[in-house]
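Enquirer: Start from the sequences and build out the full structure, keeping to the hints where you can.
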Amino acid sequence: HWHGFFQAGSNWADGPAFISECPITKGNSFLYDFNVPNQAGTFWYHS
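Per full-length UniProt numbering, residue 1 is the first one in the sequence shown, and the count goes up by one each step.
FYI, nobody ran anything at the bench for these hints, they're computed from the structure.
Every value quoted in this text rests on a predicted model; they were computed, and no experiment measured them.
Backbone N, C-alpha and C define an ideal beta-carbon position, used for all residues, glycine too.
Misleading hints may appear alongside valid ones.
Below 25 Å or equal to it, Euclidean Cα-Cα: the simulated SDA-like pairs (lysine to any residue) are [said to hold, decoys possible]:
| # | residue 1 | residue 2 |
| --- | --- | --- |
| 1 | Lys26 | Gly15 |
| 2 | Lys26 | Phe6 |
| 3 | Lys26 | Gly4 |
| 4 | Lys26 | His1 |
| 5 | Lys26 | Trp2 |
| 6 | Lys26 | Gly41 |
| 7 | Lys26 | Ala40 |
| 8 | Lys26 | Ala13 |
| 9 | Lys26 | Thr42 |
| 10 | Lys26 | Pro37 |
| 11 | Lys26 | Gln39 |
| 12 | Lys26 | Ser10 |
Have a look at the derived ranges for each label pair, beta carbon to beta carbon [said to hold, decoys possible]:
| # | residue 1 | residue 2 | range |
| --- | --- | --- | --- |
| 13 | Gly9 | Tyr45 | 17 to 25 Å |
| 14 | Ala40 | Ala17 | 28 to 36 Å |
| 15 | Ala40 | Phe18 | 30 to 38 Å |
| 16 | Asn38 | Phe18 | 14 to 22 Å |
| 17 | Gly4 | Gly27 | 28 to 36 Å |
| 18 | Phe6 | Lys26 | 14 to 22 Å |
| 19 | Asn38 | Ala17 | 28 to 36 Å |
| 20 | Ser20 | Phe43 | 12 to 20 Å |
| 21 | Phe30 | Ala8 | 17 to 25 Å |
Expert: Spelled out as structure tokens, the structure:
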């Protein structure tokens, strides 16, 4: 989960399992890949 980003068009990839995205099952991974145009500041990620 990210803080500080305005995720226009990719908000589906930033939220709890079963609410805004499917869960990441054991043995699998998820790659966050999104654009951050014209944003500056402090960005914070936690799971």
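Enquirer: Of the numbered hints stated previously, which ones are contradicted by the structure, given in increasing order?
Expert: Per hint list: 2, 3, 6, 7, 9, 10, 11, 16, 18 violated.
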